[in-house]
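Build out the structure end to end from the sequences listed, making use of the hints.
Chains as they are written, first to last, in our numbering: chain S, 634 to 847; chain H, 3 to 80; chain F, 3 to 80; chain A, 97 to 828.
By construction, these hints were calculated from the structure, which means they are not laboratory data. Some hints could be false.
Short, incomplete list of chain H residues facing chain F, as computed with Cβ under 8 angstroms [claimed, not checked]:
hint	residue
1	A29
2	S37
3	V39
4	R44
5	E46
6	M61
7	E63
Glycine is no exception: its CB is placed at the ideal position from the N, C-alpha and C atoms.
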Amino acid sequence: MSATRVAVLRFPGTLDYESAARAVEGVGGEPVYAHHEDTALPEGTGAVVIPGGFSYGDHLRPGALASRTPIMSAVRAHAADGGKVLGICNGFQILCESGLLPGVLRPNASLSFICRQADLQVADSGTPWTGGRDEGEVLSIPFKHHDGAWFGDPGEARVVLRYAGENPNGSIDKVAGISNLGGNVMGLMPHPEEAQEPLLGSVDGRVLFAALLS
Amino acid sequence: MTLVVVTVMPKKGVLDPQGQAVQGALAHMGFGDVSDVRVGKRIELEIAGHDPAGQATKMCEDLLANQLIEDFHVEVPG
Amino acid sequence: MTLVVVTVMPKKGVLDPQGQAVQGALAHMGFGDVSDVRVGKRIELEIAGHDPAGQATKMCEDLLANQLIEDFHVEVPG
Amino acid sequence: MSDAAKDDVPLHRTLGLTDAEAARIVALMGREPTDPELVMFSLMWSEHCSYKHSKPLLSGFPTTGPRVVMGPGENAGAVDVGDGLAIVFKVESHNHPSAVEPFQGAATGVGGIVRDIIAVGAKPIALLDSLRFGTLDSARSRFLFRRAVEGIGHYGNCIGIPNVGGEVQFDERYEDSCLVNAMCVGVVPQDRILSCAARGVGNRLVLIGNRTGRDGIGGASVLASAELGDDDADKRPSVQVGDPFTERKLMDLCLAMSEAGLLVALQDLGAAGLTSAASEMASRGGVGLSIDLDRVPLREEGMAPGEVLVSESQERMLAIVEPAQMDAVVAMARRHELDATDIGEVTDTGELEALWRGEEVVRIPSLYLTDDVPFCEVPRDPAPTPEAIDLSSVPEPDDLGRAWLDLTADPNVASKRWVFEQYDQLVGANTMRRPGGDAGVVRIPGTDRAIAVTLDCAEWLTELSPYDGGMASVLEAARNVACTGAVPIAATDCLNYANPEKGSTGWRLAESIRGMADALTAIGAPIVSGNVSLYNESPRGPIYPTPVVGVVGLLDDASTSIGTAFARHDDAILLIGYGEPRVDASRYLGRCAGSPPPPDPDADAALYRLLATCARERLLASAHDISEGGLAVALAESAIAGGIGAGVAVSAGRRADEAMFGEGGGRVIASCHPAQVAAVSALAGDGVHVTQIGAVGGDDVVIDAGGSVARVPLRDLAQVWEGSVPAALEAQ
Ligand SMILES: Nc1ncnc2c1ncn2[C@@H]1O[C@H](COP(=O)(O)OP(=O)(O)O)[C@@H](O)[C@H]1O
Ligand SMILES: [Mg+2]
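This is the structure we're talking about:
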């Protein structure tokens, strides 16, 4: 059986495409890059990752300009068919701006960029994204963002991950990551692609990538 | 070519952390008489073709404002 | 209480990367008739006490605008 | 520009050229220069571009060695790290622009150093920053500090290069002249290293990236070569605004073009813009370059040819491309949403030519601009050697624990988390040791190796005894790298000094360079790149002589790197190194005074070897160098990082407080499993001692110095260490 093809999106200013592709490989998937101006996902795409970074320099609003590019129409169609989509940090912002996830990511309450290792609590064990971890279990994954405070109606989404301990950014309900009600589209501010190896301090990010293939 | 001015402001009732921060800083600097500071964007565009205001409104709906948290306003000065 | 509106725009000649990026995106989205996009800030403040415009001008000089790269304008509407 | 000439002040003086220099230009050219030519000379012959005061001194640095692939002179130096790869790095200052506009100044400083690394064809993998401001009780200093940090974060985060280390110091001496130095590290296959030397007559000269505006005209270069006086507001340039989004695209494009073999040479545009880049490329390659200024894409209307030639608009690169590859270059640029414009060609004249509206406005042999600058001897008036501190004049604290907490709370000693939390430390997923320890450790992408990098400087010691201070700056940086288990292999430096023509600054510059050179030779780490920033002084006085040193170390097995955190209860705590603690010039003394014993580079080198062996054999659980705040602060930092207390006993030496808080020598606090103590001790020798002084464990941190005992709850130490910088910033 051949590995699941995972499209890793690249917009101008996307930064984490290489580490996201490595993470896909690490769980046995086959990463393929897709670009902002493409009108279709690569042949045979089974799942999509929108990696972090500063697409279009975060100008206007983070994720706003990327969400209006041709490739995002293809991602919408993929999601509408029940295909999995994982948006990380700027990818989460892009998913909100494109309407695939509810709400919007606003500036951190401190109005500064914060880079920190975080404990994330599994808030909903019923989605595929946390690999069967029980509610309350904790994942250690770093976050680093300037606009990470999710603002929206938690009733329109499933809250998958919450910051354990104090709220670092003023997000509603300490939300760190949500999925759509269908569960196939997931966005989170922390960076699971940077928690894949013992050498870098944590492997807790693997479950999110493994979920792309299940 | 017509100059069109688009204003995008945080919706009333939506928390505006930037406005709050500016207000706090102003108060620290001795500008105590200030309240209700709100910070938004002003976007100036030159638009060719007809109905520049209509075009700009479409741009706001499609891109320039996020209507979940922002209101916009289009103005053609002069 | 007087509503004062402060506009802060990038100085002419100073690079406006935000305006450039927005213009590029608009063009890609089919709004090809747009040029010279510039993005700045609009700050609304309620000011008590006398000479609100004068107070706001002082605030611009001291905090709200960075005059090395930005021009500001103070307006008391209505 | 010719307005000034109308007012009877000769143009050359307005541009900052001396009458002698102007005469020399006429003599070289055999005619009066045109206005654009004179502007070009004035910038290229400024200290900033020509190093006319410092170059003769820099020749003392060791610059060769078995690992050196490319030494000083190119955009950045390169060293061999195995697997056919080279590590490329350089540190650079952006002091003057940051003093004018800290956010943009610091941001464009990062942008500039990154382009130096890209110009070599290397992929940036790490950033570091070394910062100095006035003390935090000054509102102006708080503003500069906040905004400079935000600017560095804004630019570095947005281009996606992890920030893995740096330093911050606060001292009144930097109140009017803050220092913002940034270092970038990249990696490149050795067979793909690019030079800036233009080659191949008929090849095209291609300008890539942002459009050219009036940014920084008469700016960085002129400004960085003269003191900033109070009434110099009109000399202030139009500020350059950084555009990291474009820089990221430029970086991706240049690396893609290099990988595709499309480039003959590459050069960034920094100070003096096109003039500097083109003349460097021509001089290096021994060719001429002809530029058609009408083809340069402009952002503004009505620019004069001289302005186009010296504009410092950011995010631009200059490339030499074979004519047959032009279509591919333009197409690739378009895919990256950038301009690549053919603006001229390589000629065989050795001259820089510029055409404007079809007419020749510039024709200068490029060597005149780059190599014929009249060098200046700096006066070398020695300052007297200070006396050692008479210990009896230093009041002994009644409460050593209180003194310990106070010292830990000094913003110069306390955690700089407030700074580095604003930086993306992880992007790229190769960062193994984040900021907050002794050195950042980054895996070399695609390999099992890692590099350790740090920036350091001992400015107090350099003020008091420049030779020793230069040496100490090198050794402190190298020791930080060695504490991770890495072998220091090469260095870069940024010499931040006051006006070299005044007082003892010239002497300090020369002496500290000599000290740095001797230390670098002793530890086997050549200098491969560097930068000089002079005239950092204001009417209120000069800065300390501040030779910032960046050291790169190599770990052959990334998994053997050591951190600063205590790891396990009951581990043995070892004191490793040489030298006795002294209060002289220490943070504990709190002022730049005294005469510490000189450093011993050979003993330091032996210490590095011992630490590297320990790392390779996985003997140590932690290692942390003893620097500001002495043994007590180093112990506290390892305890805080590990979240475990510790207890040690040492001799009181001359006095208990000096034993706890004194600085000097080359000393490291390490921890290891008790079963490994003998193995580590067996490695002692060459003047390096290994002494077991205590054990990890408990909720307190305890030091017994010859019977005087200080005991402080770990929680209290952590609170002041983490809290003091944010608190100082909030106290407005
Ligand atoms: N400006 C900065 N940028 C990034 N990291 C910093 C900065 N300042 C300090 N750090 C981090 O904090 C650590 C400790 O700082 P400091 O005590 O000055 O270092 P040192 O070990 O060189 O004495 C540094 O090694 C670095 O990792
Ligand atoms: Mg250290």
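Need the list of violated hint numbers for this structure, in ascending order. 1, 7
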